[in-house]
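J.: Below are the chains, spelled out letter by letter.
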Amino acid sequence: MNPEPAPSHTRPLPAAAPASGPLPARGRLDLTDIQFRPGPGPDAPLILDGITLRCEPGEFVVVVGPSGCGKTSLLHIAAGMLRPTAGSALLDSAPILGPGPDRAMVFQEHGLFPWLTAAENVEFGLRMMGLPAAERRHRVESALRMVSLSTAGHKLVHELSGGMRQRIAIARAMVVEPAVLLMDEPFASLDAQTRTLLHEHLQRLWWQTRHTVLFVTHSVGEAVRLADRVIVMSAHPGRIRREIPVQVPHPRPMDSPELADLGRIVRTEIQEEVARVNAELENGHR
Amino acid sequence: MSTPNWKTAIGRRARVAAVWLVLILAWEGAYRAIGWKPWVFPAPSHVIDATLSMLNIHTYLGEPLGPGWPLANPMPVDNPRAPGTPVFGSPLVSALTYSGLRMAIGFTAALAFGVAAGLLLWRITFIDSLLGPLFLGLQTLPSVCWVPLAILTFGINERGILFVLFMGSAFSMAIAMRDGLRALPPIYRAAGIMLGARGLRLYFRVLLPASLPAFAGTLRQGFSFAWRSLLGAELILLTQRRGIGFLLNVGRDFADVAQVVAVMIVMIAVGMAVDRWCFAIIERRVRTRFGLAQPR
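One line per chain: the protein sequences are G and E, in this order. Mapping to this note's numbering: the first sequence position 142 is 142, numbers consecutive. Take the position in the second sequence, starting the count at 1, then add 1000; the result is the number in this note's numbering.
Hints are computed from structural coordinates only; laboratory data are not their basis. Beta carbons: idealized from backbone N, C-alpha and C, even for Gly. Accuracy of the hints is not assured; some may be wrong.
[To be verified] Label pairs and their in silico Cβ distance ranges: (1) 1288/E - 135/G: 30 to 38 angstroms; (2) 90/G - 1105/E: 55 to 63 angstroms; (3) 188/G - 1142/E: 34 to 42 angstroms; (4) 192/G - 1007/E: 41 to 49 angstroms.
In isolation and in its complexed conformation, chain G is listed as follows (with noise of 0.2 angstroms):
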């Protein structure tokens, strides 16, 4: 037992696991035969191929794989930036059609915007959707407790550390309460030690909202740590490779054996992936 309660951040996460939140009613995204082709005809390169992926409500669903996969387009179809050459995309039933509030997203470089106070990039959404002054100040207020920025409402995106920015983007993605949460390798451009600080503030937050996420990585150490269920895709065309489940129960240690062994299993594909593309590149030179 640790007789001195460290900060909330280094403390390991007790073995009982805490009562999460409920699981939500909706939140199921429906992604069936998808196809893409970035240009018209043919001869455009075929970037995905035949993928099908459902995430139930409150599954945090991680797709890794090799430069060029497709995973980033994939993302792009769920949030509706990108139109399927084929294929279906659903969000509870109904037709994804194009950008929106019920599938937010974090962006890997942020996106948050420098004109506006830390507080009123989280209000923005807020105010988009014509919320009331008082219900605005009130939610953007537990959006900043909720990522343990309380006191940096005022703050300009400038003067945000790179950890900071990507957790006021994830409170300005999930203020908005969104079905689905859609995270573009958040995570890519920060430190180590920041990575695994906001590994640990974004499982802990999940378990609280349990929104659907779909998070988009290179990393497999962040696959693994937070998936329910890690997606490794094949390059050229972009296909599923194979789906791994991740059934340790949460809220996890970050440094558990069991996790360890599984992104070794996920390495070792990604690994053979990328050696079967290097392999066909050659033969395809010759």
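The hints should help you fit chain E onto chain G, whose structure is shown.
T.: What follows is chain E alone, placed relative to chain G:
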């Protein structure tokens, strides 16, 4: 121990001022020692004298040193530079007032056109391919080249001057605005749409605020284009015999080299002052807020 920043800044400014002072005094000294002809090229004292007399303050700084200098009055009383009126009714103040009014009207119109046209060029590809090259071409045309057309179309009047001012600055502002908008990171648009900003709100809440640094640059560049166009137009279109460009022409008509140089210095000083104490400050504030520049 390092000296504080403001101390080195003051030291640097003092050194710059000192060198300029030495150069100006050397010029004055050379004029007086060698005996250059003041009607070919004036000494600093003539220029100061001319500037003050345009403000209806009459001095005799340019006269040879001797008993009574600079208070003696060897010049004729009917000094053509200045009909005897107080400072606020003096030729220089009245000219600056007129030029300022013309700038206020013409530059505002050109800015409104530039921002609107820049937005259209940016958003609608067809308009950009139709007008983009034309605007770029018009931007290379020196603004005084609009003067003959202005005279023939509008005549020698205020509208002619405003036409030249507008044509000389509006297109460059449209191009600058378009280029600034083009350089916007696409992530702001994506983030705005993702958070539910659509249609006009996407423009007013996301795209226009995001383009503030580009707008501040456009403003600053547009002002210098507009100021130059105005002076050129006033120099040729001598409407109502008013304006700072007109005053330059008066200097030429009276073969008063000192006044010509004095008016040129005023033109430069006004342009620099507005740029430095108005537009540069706006630009720095915007860039500081966006984290693009260190606060000073």
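J.: Against each hint, give a clear statement of whether it holds in the structure.
T.: Hints and how they fare:
1. Look at residue 1288/E against residue 135/G: about 32 angstroms separates their beta carbons, and that is inside 30 to 38 angstroms.
2. For residue 90/G paired with residue 1105/E, a C-beta distance near 57 angstroms keeps the hint of 55 to 63 angstroms intact.
3. In this structure the hint that residue 188/G and residue 1142/E lie 34 to 42 angstroms apart at CB is violated, the actual value being about 50 angstroms.
4. About 42 angstroms separates the C-beta atoms of residue 192/G and residue 1007/E, a value consistent with the hinted range of 41 to 49 angstroms.
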